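K.L.:
Read off the chains here:
2 protein chains.
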Amino acid sequence: MNEYVIYLAPALGILGLIVMAIKSAWVKKQDAGDKNMQELAGYIADGAMAFLKAEWKVLSIFVVFAAALLAYSGTIHEINGKEIHGSWIISIAFIIGAVFSATAGYIGMKVATKANVRTTQAAKTSLKQALKVSFTGGTVMGLGVAGLAVLGLGGLFIVFLKIFNVVQVDSNEMKTAIEVLTGFSLGAESIALFARVGGGIYTKAADVGADLVGKVEAGIPEDDVRNPATIADNVGDNVGDVAGMGADLFGSYVATILATMVLGQEILVKDNFGGKSPILLPMVICGLGIVFSIIGTWFVRIKDEKSNVQNALNLGNWASMLITVIASYFIVMWMLPEGDITLRSVTFTKLGVFMAIVVGTIVGAIMSIVTEYYTAMGKPPVNAIIQQSSTGHATNIISGLAVGMKSTVIPILTLAAGIIASFYFAGLYGVAIAAAGMMATTAMQLAIDAFGPIADNAGGIAEMSQLPPEVRERTDNLDAVGNTTAATGKGFAIASAALTSLALFAAFVGIANINAIDIYKAPVLAGLFVGAMIPFIFSALCIQAVGKAAMDMVQEVRRQFREIPGIMEYKAKPEYEKCVAISTKASIREMIMPGAIALITPVIVGFTFGPEVLGGLLAGVTVSGVLMGIFQSNAGGAWDNAKKSFEKGVMINGEMFYKKSEPHKASVTGDTVGDPFKDTSGPSMNILIKLMSIVSLVIAPYIAMNDAAGAGCDSMKSKCSTQMDASCCHTEKMPSECKMEKCATMTKAECAKMCDESGCDAAQKAYCMSMFGADGKFIGAKCDMNKCMKMSKEECAKYCDSLKCSPEEKEMCLKHAGN
Amino acid sequence: MNEYVIYLAPALGILGLIVMAIKSAWVKKQDAGDKNMQELAGYIADGAMAFLKAEWKVLSIFVVFAAALLAYSGTIHEINGKEIHGSWIISIAFIIGAVFSATAGYIGMKVATKANVRTTQAAKTSLKQALKVSFTGGTVMGLGVAGLAVLGLGGLFIVFLKIFNVVQVDSNEMKTAIEVLTGFSLGAESIALFARVGGGIYTKAADVGADLVGKVEAGIPEDDVRNPATIADNVGDNVGDVAGMGADLFGSYVATILATMVLGQEILVKDNFGGKSPILLPMVICGLGIVFSIIGTWFVRIKDEKSNVQNALNLGNWASMLITVIASYFIVMWMLPEGDITLRSVTFTKLGVFMAIVVGTIVGAIMSIVTEYYTAMGKPPVNAIIQQSSTGHATNIISGLAVGMKSTVIPILTLAAGIIASFYFAGLYGVAIAAAGMMATTAMQLAIDAFGPIADNAGGIAEMSQLPPEVRERTDNLDAVGNTTAATGKGFAIASAALTSLALFAAFVGIANINAIDIYKAPVLAGLFVGAMIPFIFSALCIQAVGKAAMDMVQEVRRQFREIPGIMEYKAKPEYEKCVAISTKASIREMIMPGAIALITPVIVGFTFGPEVLGGLLAGVTVSGVLMGIFQSNAGGAWDNAKKSFEKGVMINGEMFYKKSEPHKASVTGDTVGDPFKDTSGPSMNILIKLMSIVSLVIAPYIAMNDAAGAGCDSMKSKCSTQMDASCCHTEKMPSECKMEKCATMTKAECAKMCDESGCDAAQKAYCMSMFGADGKFIGAKCDMNKCMKMSKEECAKYCDSLKCSPEEKEMCLKHAGN
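Chains L and C supply the protein sequences, listed in that same order. Everything in the first sequence is counted per my numbering, starting at 1 for the first residue and increasing by one. Everything in the second sequence is counted per my numbering, starting at 1 for the first residue and increasing by one.
This is chain L alone, in the form it adopts within the complex (with noise of 0.2 Å):
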């Protein structure tokens, strides 16, 4: 069965959207409620629907173009007299990872404003079935996004090894292979940039447009159906929360597990799938994560109303991720081979693999764990903003600053902690491997994060519709559990953006045929400083962006107050449209410029100081995003639950202060300042560092050094020219000749035919023909000189000794052994 492997992920992938239309059929049987609801989540819809087509008329523009460029660049197949392995057809897997993006989000976008009346429904009757409603709404958001990646990269990937007729995995016709499907990433992560960017912009311009004019100056509750702006408010939760969470959470998926394979692709090993298991395993796994997404999903279940929602989310998502990682283990034992692998001089063996899954599934809780810590209700931090916000607005801000940028150090030694365990287990296709092990139960998590939006929807429903005060109370519950779910789903995408990136540079530098990225040299530490600024200034715009649109939202609000006489007796209707049209305008215009930065600067930089200097670009702006991106994300959400701590009352030097108080309203300031933080900018940065290593990536072979061997002569030269000495300079290309590690995929025969043709000497034959049994099977070298390398001459003479190794093979250690 070992040749049907590769129709595994695909198949999980169908059945996985196979449960998705399901359980998306059961939503959609639910009670959707009286006609009044029905209208006000028809306006919902409706307005949702508006801006995912406004956005997809500009997108694809941007599709069209970008596709045509790509096509065009596929038909270069040298550069300088080197020759490049692409194709036009890497424009096809573009578009068709954009479509499967924006589809993704569609369905999410789709299911959640059919559940969110449906979830105000249910809360009716009881938590139980709220929960069950909206939470299943979720799970087709999940299953979808899951479904849809893995489908998408696995059948594309069969379909091009049959296009590019793939023989081995060693071969110019599988790196074209895997070259193309960049392509599909690329077109994943360019629509979810725009989808996340645009989509914080939209829901936050209307949520602070709504709060500015509707709480503040005309004194009616959140959700009043009075506002003008309150449709666009809950039109906002779901392009943003869920469209946008969604496409982010798609291209993550598709990134990590694209990356994998890229480094899966250098790995030579012999197994029982024709060389293939370490580009299959991180389908496989990933493939298998929506399996047990699913039983995940069965554990999220209370008894009644006085059950805890928080804790049954976190039984599934464990639940989930205990699973994967247990049968992570047997699916690696089964996949890959025996003995040693070896990536780019690093040896590791398939149990390190499993470790470094270990690993990245440890960060990934860890960083959950930390996030929720920093942000949730009752814990020091937040109570620490709730008591300077006593002495008014400013210390409540200062507070909250202090907070996010404390926030950073765990998660940022926990990732450091991660890169240094993975690496040293498995190699550089180790962290990519952390990356996709955490990336998994991708279905699981963004069920959980798809949750909370419909379960403030629903909450923003029952509110307009003037339900009895019990089923606001059921969709709160919901909410607040919500609330914390999405701080942790946020410090999870992080850090899996942060390991993406990781194993995406690592890619990079493999296409790229450079050996080191070395921030010593002037204009590689310069790469560093511009990068490093990129989060600043993406950040910038993002956060005047929501400013500028909510201000417009202002004005309109305003002029409809003035203007519609009767809205504040219920007697006339606001036009809910026009506020609808002003965030979706408003905010398809402010993500093009961020979105352009992100897509053009590494190219521009790439093109006209070449790889290194992108490398240290990439590094720039990996290290300082994923720093903003904590900052701004844990900042938002500890001023936000600051904020919330009020309705419930708090204390404060031995006094209690309820909402409407002077502390409440300084910690509204800081709710407000956080909204762009944690819902715009913030959650941005992931993307923008994954788009941006993925676009060096697709680029990578047109300003790859001219090879791999003579960029080592290079910077050896450079070395040896310290010491004015030339004679250490000379050997360095002609060995690369004798490529014995190539035997591990040939016969005996095969393997001593190619020694003799390339130039092999005699001691590296005869260290060629000793990997080989007595029935000329391929064993792997008894004498391992990659072993020597980490010994002393006497240490690997030793070795050679105790193994009995022959005089040839004790020779090409000793070669190998340090001094």
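To be clear, the hints were calculated from the coordinates, so they are not data collected in a lab. Treat the numbers as computed from the prediction; the structure is a model and nothing was measured. Hints are supplied without guarantee of correctness; some may be wrong.
[As the list claims (entries may be wrong)] The calculated label-pair distances, taken between Cβ atoms and stated as ranges, are:
hint, chain 1, residue 1, chain 2, residue 2, range
1, C, R558, L, A596, 51 to 61 Å
2, L, D552, C, G378, 19 to 29 Å
3, C, S792, L, I79, 13 to 23 Å
Glycine is no exception: its CB is placed at the ideal position from the N, C-alpha and C atoms.
Since the structure of chain L is already known, use the hints to place chain C on it.
P.N.:
Just chain C, lined up with the frame of chain L:
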């Protein structure tokens, strides 16, 4: 006279100190006003001294402890069989650096607390006289700092040359002398960190505390004599903006010169200064910079009440910078030798060195101009904040944060271009000398910076003494100019810190014996992440400290209003000294933690993970520190001036708003948030990145790689093993013996001997000999093999033929040519 050049720098330092003494005496001679004014000034002076004494008490413990540690480290002469050129004398250098730095702060503060009241008195007669007194006070500070720095560095260098019997530049004795000299810089920079952070916390705690209770709760104006915290507030201007800033720039100045000296020591040239010209050059330029700064102060004068003070200061500033650049041309041409100069295989000429100085000056100028643009009244960024104040506190904060983030773009692009350009002109020496050129006019810069707080204090004394409004008007005029110069000064400081850090970074790489800092390696990348996080936690600690200390202050002021009857009716005097004590205690308590992070992190990372990971950490700190520094300083400055704009009234949507309007209140919130940003955490970033670089430089010998060739071998080996061939990795150690470049400082006979003894082959020896003229003098290679490095083999052959190179020379050249 050439052998006396080494005495030029300390002599110029002494000259600066003499001029300082004269100016200081002049200030003291001025009329100090009536008894009431003198009493108030006395409170301020006493408070400032009390802080300094308390600070020194804590710091002396630290200095003794650190000196003991350094002395001990100086006794280690071997680690892992590797020689270390340290000496216990480094502890003496450290103590002298610390004492000098503290003295620089003391001098500045002493004169500032005298000049403030005398400026008030002078302002009774004319603006012209008030400017003269306050600017002369600033000049004393500037000359004190620059004079002490040049005297200390230059003097110690002479002493250490004698102590260690340095004969040759390229000797272990010289290495020891320079490494011991880094102790001076470490001492200076450590004190600077504590002075900057402690002073920054002090000044803002007092400021925020005084404002929150005084202005907001009690409704009395700023600097009202009834406010118990008002003296602490005025003391804060002196300890933060004068002593803190002075110690900061003292540290930058010393570190910049030192980093250039360290790199200069690696350059081997045949000049008229015993090969020392690259080491002496930065000291000479900075020494002469003192003279040019004195000349610049002559331009700072105005005619009458209507004269533009800003223009007068700008004229003085640009004049001294211009003269310095012009003079550098002649100094460089005089000191450096003709022909090629080589540092770490990069070749440049003395014209390149001059061009690098020009680049540094341009970078500094652009940074100042951009900072002014983003923070000045009437410019679009500040206007945007004003407009957004109309919708409340939150939008004011949001737009301020966006302005701060956006303001990083041009400075970073400038810095990146500056790095590339200065490196292009003169390699790493170029980067360092660019910073030195920029810092040459530190005396002038600091005079302009220190003038601001003196004017601010003068205004405070005028207000407290209830002098007639025209006095306050004159001091306000000076104060407003002072705010702008403070902002540009910060832009300048951050640019110099960035370039200095890069120079220190380069020096570190040299001493740590590593060839590259490759962020493609997992642990180095992890180091980069952790490094980039440090400015975030450092900022958070600083901001939080201000918040905490301000709360203490608020409680105390409230207590005094409550418990001391008659304060508000001027019948009872507030207990000023209690507020001073609170600020002092809080700031000293809170400065420990951030200081410890800066000092200890590099030590832990360096000794645990080695020099390359530490390099990654430093890069992370530098990049993120520069960004956070610019972001915070500029956001704070912009908020401040947005608030100030309301004093004269601003137009928002066609309506005029003044002080006490709602938008003004929002702008006050922004200003309060900005206070710790721009005066505590923002400017601390400078010192943070420099101090961590210097600590790394000091520990570099103890964590250095065994030898450069070995490190090169390792990295070559990993490259080779990718191709599974060992033959290319065998020759890398041998060649380090034949150091042909050494011949540059030898006679022909010595060179021949060296070639014979150290195993140069025939071609190498012939090449060496070809570098000497018929008279036996070194003339450099006619057929330069370094030039061939950038040529193809054919081009190189042509080049050799055209120069009629001998066969041996041609062979050497061809060995270095590309393929």
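K.L.:
When the hints from earlier in the document are held up against this structure, which numbers fail?
P.N.:
Nothing - there is no hint that the structure violates, so all of them hold.
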